[in-house]
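Please build the complex by placing chain B on the supplied structure of chain A, with the hints as guidance.
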Amino acid sequence: MKKRNKMKKQYCIFIFLILLPLQSLVADGFTQRFPKPDFEEGYKIPETQIALARSGYWEYFDVALLTFLLSILTWLVLKKRSRNGVLLISVFTLLYFGFYREGCICPIGSIQNITAALFNADYFVSFSTILLFLIPLIFSLFFGRVFCAGACPLGAIQDLIAFKPMPLKKWVQSLLGLIPFIYLALAILYAATRSDFIICRYDPFVALFRFSGSFLMIAIGVLLLLIGMFIARPYCRFFCPYGVLLNWTSRFSQKHMSITPNACIECKLCENSCPFGAIDKPQSFKLYEKRNVMVQRLIFYALITPLLMFAGAYTGAKLHENLALVNNKVSLAYEFMNQEGLKEAEQNLEVRTFKALGTPLETFYKNASDIVRQFYIGSIIMGAFLGLVFGLTLSRLSIPKYKKGYWPNKGTCFSCARCIDYCPVKPNSIIKK
Amino acid sequence: METNEENKKGRREFLNQGIRLSMAAGLAGLGFYLVRKSHSEKMLWQLDPSKCVQCGRCATECVLSQSAVKCVHVYDMCGYCDLCGGYLRPDAKDLNTAAENQVCPTNAIARKYIEEPYFEYHIIEELCIGCGKCVKGCGAFGNGSLQLQIRHDVCVNCNQCAIANVCPSEAFSLVPESKANKLVGYEKKK
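Each protein sequence line maps, in turn, to chains A and B.
Heads up: the first sequence at position 189 corresponds to 230 in my numbering, and the numbers run straight through without jumps.
Heads up: the second sequence at position 149 corresponds to 164 in my numbering, and the numbers run straight through without jumps.
FYI, nobody ran anything at the bench for these hints, they're computed from the structure.
Predicted model only: the values in this text are computed from it and were never measured.
All C-beta atoms in this analysis are idealised placements derived from N, C-alpha and C, irrespective of residue type, glycine included.
A hint or two may mislead.
Stated by the list, open to error - Residues of chain B placed beyond 12 angstroms of chain A at every Cβ, according to the derived structure:
#1 Ser37
#2 Met58
#3 Ala114
#4 Glu115
#5 Pro120
What the hints assert, rightly or not - Listed next, the stretches of chain B that the computed footprint assigns to chain A, with coverage defined by at least 3 CB atoms under 8 angstroms from CB atoms of chain A:
#6 39 to 51
#7 76 to 85
#8 93 to 105
#9 144 to 152
#10 195 to 202
If we strip away everything but chain B, and leave its shape as in the complex, we get:
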C-alpha cells in the first residue's frame, strides 16, 4: 500500500513536471513570437487633428473629469486675425470680447493685442476642457491653427482610451512615443 501510494505520488509529480515545463516553454515561445511584433518604445494615444470632426466627445468621454484632450495652438499657422473664428461666435450680437460673444465656454482663450490689426491667442491649459468649439470655428473661418491634441502630461494613458472607443471619425490611434503629438502645420524643433 505504502509503495503503491509513493509510486502514485512519483507519477503525479512527473506528470506535473512535464506539464509545467511545457507550459513554461509555451510562455517562452509566446514571448519570443510577440517580441517580433513589439516596439521597445512606450505606446501613446494620439489624436490625428486632420481626421478630427470636433464632435465634442473628447470633453465628455475621457475618464478624467477634466479631459486630457485640450486645444493646442500652432502659432506658425495662425493668422493673428482680429476677428478670430475660434475666439468670437459668428452670431455674436456685439463685436467685443464680452463673455457672451466668445466661443470658448470656459474662457480658456486669452487674447492679447500685438499690433494693429493683429492679436495673439493663447490657450490657458488649466481651463481648457477639450470641447473643440474653438477648433471648429478656427477650421471653418480661419487657418485651422487651433487643434485638439492629447496632453500627455495629463493623460493617464489608459490601455483602452475611452474617447477612442466613441470617436466617430476614428481619429485616435496608439502610436510609439516618437510619433505622438501630431499637429497639422507643426514641425518638431530639435
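The shape of chain A in the complex, shown without the other chains:
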C-alpha cells in the first residue's frame, strides 16, 4: 500500500516536471489543458453555484418607502407639528435604511452617479438611483428639508445622539458651512472624470451600519458621533454635500415649517431651542448702520466676489495636476514614467500588471493626458464656483437682513421640529398687533 503511494507520488512529480516548462507555452486561448474526465461510476458533475443578489424590485420598494416616509414627515412637520412623530420616523430610518439596508445606495452618494452619467457617455445609472436623487430635492423644493428631518440614516444617527448641543458662533458656523461646498465641488469633479466616488469612500457612518469597514473610517465615524453629542449633527452641517443642494432648494420652498403656528410674539422662548443654530433672530432697523454705509459695503462685495472667483480659478488651474493624481489612470501614468528604468522586482504591482496586459503605451499616455486636461477645465470651474460661494457668504455675513420675529432659516433648517414645542402661542389664539 505504502509502496503504491510512493509510486503515485513519483508519477505526480514526473507530470509536474513536464508541465512546468509547458505552462508558459500554453496560449490563453487554450481553455482545457486536461480534458474533462469520463467517469465510469456514474459520477454527476455538480452545478457551479451562482450567488444571486437581492431582487432588483427591492430597490423600487426602497424608493417607494422613502417617498412614503417623506410624505409622513411632511405631514408631521407641517400639519401635526409633532417632534415625537419625527423622532419615531428617525428611529425607523436608522434601523431600516441604516442597519438593515446598510447604506448603499443613498441620495447623498447618488450625486456622483448622476454626475458620472451626465459627463460620461458609457456610464449608466439605474432608474431607481435617479429617483433616489430627485425625490428628496423635490420634497425640499416644496416643503423644506424633510429628508434631513428623519429620512436620512446618516442624519438620524446623529440626531438621536445629540445629547448636549452647544451653540456655535455665527461666523464659525458660516466658515465651517463652506466645507460642504468644497466637498461637493470635489465630489463632482472626481465623479465627472470617473476617478473616484469620494462621498462614498469617506462616508463616516456606513462602516458603523455594517459593523465592518476600514479602521480609519470607523474611527472617523465614532469621533464624529462623539463630537455630535456636543455639536449637533456635525456631518450634516459641515460636510454633507447633498445638504448643499437641499439648502438651495429649501430656500425657495413653498411651505416651510414655522416655529409658531400663528404669529410670532418675539417672546424669545425658542431662541436657544435649535441645536443647529438655524433660527434667524429678529433684526430691527434701528440697530444697524446708515443706508449709505450699507450701499458702500454692497459695492465692495460686488467688486471682491469676481476677484475671489478669479483667485479660485487660478488656484484650481495651479492645482489641477495634484487633483488629477487621484485618478488611477493618471497616477499609473506618472508611476510608469518614474519606474520605467527600474528592474521588474522594484516596480510596483500596478506597473507590472500594466506591462503584462500590454496596452499600447501611446494610447495609454494620450488617455491619461486627456483626463488631466479634463481636470484642468474642471478645476478652473470648481475654483471659480468656490470663489463665488466665498464671496456670497462674506456678503451675507456682513449685510444684515431686517426681519421681524423668529423664523427658521429656510436654507439650514433640518425641519426636525424641536423648536415647535417651545412656542407658547396656540394656533387659535388671537394676537394683538
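Then chain B, alone, in the frame of chain A:
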C-alpha cells in the same frame, strides 16, 4: 409703510415662486435627460475573471471584514486532477494533503475522491477569503476552473466598490444584473 411692506412681500413671494418653478423644471429636465441613460435593472459589480491577475487585493480591500469576493469552481472546466495546482503547493515537501502542502490559507478547499485518478474539489464558501492563491495555481498549472467572483449574496453592493478602486487590471465594472456573474467556460442554465 404697511402697503409698501406688503408690496415687498408680494414681490418676494413672486420671485420665490418663479425660482421654485424653474428649479422644479430643471430637476424634471435632468430626470428626463438621465432616463435615456438609465437601466431599469439593478446595477451590480462584477469581476471579469479573464482580466483578473490574482494580486490578492480582493481579500484585503473589501469593506466587509471577510471579502465578498470568493473563489467559484466552474466544474465544467475542471480536469479533476489528482495533482491539483489550486490545491497543492508546487513546492510542497511531501505530496499529501497536510495543511502545509495546501495552497489555501484557510483550508477552504475540500478534496473528495471520486474514482482513480480523479478528485473533486469543492470550495467551502464560509471559509474562502478571496485571496486568489488557488485561482493562480489552477490558472498556472491546470484548466483555470477556479475563478474569483463577487458573491452577490454577501456583497453589500457599495456605490463605489473599494476593490474596484485598487484593482490593478481594472477587472471590476458595474453591470446590469442580467450580465453579472461572468465566469469563463460557464453557461447559465435556465
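Against the structure, the hints come out as follows:
The non-interface label for Ser37/B is inconsistent with chain A: the shortest C-beta to C-beta separation is roughly 9 angstroms, within 12 angstroms. Chain A draws Met58/B into its interface by the beta-carbon criterion, the shortest separation being 5 angstroms against a cut-off of 12 angstroms. At roughly 18 angstroms from the closest C-beta of chain A, the C-beta of Ala114/B stays outside 12 angstroms, upholding its exclusion from the interface. Even its closest Cβ contact with chain A, about 16 angstroms, leaves Glu115/B beyond 12 angstroms, as expected for a residue assigned away from the interface.
Every beta carbon of chain A lies more than 12 angstroms from that of Pro120/B, the smallest distance being close to 19 angstroms; the non-interface claim holds. Only residues whose C-beta sits within less than 8 angstroms of a C-beta in chain A count toward coverage, and the region 39 to 51 of chain B has 7 of them, enough to reach three; the restraint holds. Look at the region 76 to 85 of chain B against chain A: 3 of its residues bring a Cβ nearer than 8 angstroms to a Cβ of that chain, three or more, so the hint holds. For the region 93 to 105 of chain B, the proposed coverage by chain A is satisfied: 7 residues have a C-beta within less than 8 angstroms of a C-beta in that chain, meeting the threshold of three.
Chain A is given as covering the region 144 to 152 of chain B, and this is violated because 0 residues of the stretch bring a CB closer than 8 angstroms to a CB of that chain, at least three being needed. Here the region 195 to 202 of chain B counts 6 residues with a CB under 8 angstroms from a CB of chain A, which clears the bar of 3, and the coverage holds.
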